[in-house]
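So the sequence lines, in the order shown, correspond to chains A and B.
Residue numbering for the first sequence follows our numbering, beginning at 76 and increasing consecutively.
Residue numbering for the second sequence follows our numbering, beginning at 843 and increasing consecutively.
Because the hints were derived from the structure by calculation, they are not lab data.
Heads up, a few of these hints could be off.
Below 30 Å or equal to it, Euclidean Cα-Cα: the simulated DSS-like pairs (lysine-lysine) are [to be verified]:
1. Lys856/B x Lys131/A
2. Lys173/A x Lys143/A
3. Lys185/A x Lys117/A
4. Lys117/A x Lys851/B
5. Lys131/A x Lys173/A
6. Lys131/A x Lys185/A
7. Lys131/A x Lys146/A
8. Lys173/A x Lys117/A
9. Lys851/B x Lys143/A
None of these values were measured; they are calculated from a predicted model.
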Amino acid sequence: GESVGLHLPTLSVQEGDNSIINCAYSNSASDYFIWYKQESGKGPQFIIDIRSNMDKRQGQRVTVLLNKTVKHLSLQIAATQPGDSAVYFCAETFNKGKLIFGQGTELSVKP
Amino acid sequence: NAGVTQTPKFQVLKTGQSMTLQCAQDMNHEYMSWYRQDPGMGLRLIHYSVGAGITDQGEVPNGYNVSRSTTEDFPLRLLSAAPSQTSVYFCASSSGTSRYNSPLHFGNGTRLTVT
C-alpha cells in the first residue's frame, strides 16, 4: 500500500551542528509535501512545505529537498539548537488531498 | 489570534460513555479535520469537513460522529467509548478545501483515556 516513512527513528546531534532528517514516500503521484515539528505535549507545528514541481525550498534555518527520482524527502536544520529537540514528521498529499503522515523522527540536541 | 483551540485537554471515560471533543478556530478556515495519534501508528484521519454543512469520513471513522454547523466549530462525538479509542486527538484546519497550497494548523490535542 501507499506509505510515508522515515529512515531514522531517532537522531542525536550536537548543538551547533547541522541536522538532516530523511523521509521516503512510495506514491509517485504525491504532489505536495510538508514537514511538521511536534514538541512534547503539543500539536504538530508547520515548518516548511514543498510542491512536486520544486527540488528545494529554504526557510529560516531549514531547507527541504525533494528527490522525485528516488522518492525521497529530507529536512535540513542549520546550526541546530536545543529548542529544535522534538519529533519531526513528514507528510504527503495525494488522493483528493488527504494528508498521509510518516511515523516521525525524534531529534535530540546535546548542549 | 488563538488559532485552533481544543477542549478539554485531558479526559477519562468509562467504556460505554459518550462525550464530545470541542474544536474551534478563529482563522476563518474552510477546511477542518480530526486526527488521532497513537504510538507506532502516526496521525490518522478520522473525519474532515471542507465547509459548513459538509463532512466526510477519513481512514478511521468508526465510533465517531462529526457535524459542521458553523465555519468556526467542528466537534467530534464519541457515541459509546471503547478502550481502543484511548488516544491523543488533534483538530486541524487549513485555509483551502484542498491541502495542496495550505498546510494544516493543529490544536494542542485532547488526551483521552477509556477504561
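Between the alpha carbons of Lys851/B and Lys143/A, is the straight-line distance 30 Å or under? At roughly 39 Å apart (the allowed maximum being 30 Å), Lys143/A and Lys851/B break the hint.
Straight-line alpha-carbon gap Lys131/A to Lys173/A, limit 30 Å: 23 Å, holds
Take the C-alpha atoms of Lys117/A and Lys851/B, compute the straight-line distance between them, and say whether it is at most 30 Å. 10 Å, holds
Pair hint Lys173/A and Lys117/A, alpha-carbon separation not exceeding 30 Å: 22 Å, holds
Restraint check for Lys856/B with Lys131/A, where alpha carbons must lie at most 30 Å apart: With a Cα-Cα distance of about 49 Å, the restraint between Lys856/B and Lys131/A is violated, given a limit of 30 Å.
Do the alpha carbons of Lys173/A and Lys143/A lie within 30 Å of each other, as the hint requires? Answer holds: Lys173/A to Lys143/A is near 20 Å, not above 30 Å.
Check the hint pairing Lys131/A with Lys146/A against an upper bound of 30 Å on the C-alpha distance. 14 Å, holds
Lys131/A and Lys185/A were given as a pair; does the straight-line alpha-carbon distance stay at or below 30 Å? Since the Cα atoms of Lys131/A and Lys185/A sit roughly 28 Å apart, the hinted pair holds (cutoff 30 Å).
Does Lys185/A pair with Lys117/A here, judged by a C-alpha cut-off of 30 Å? Within the cut-off at roughly 21 Å; holds.
Consistency with the previously given hints fails for numbers 1, 9, ordered from lowest to highest.
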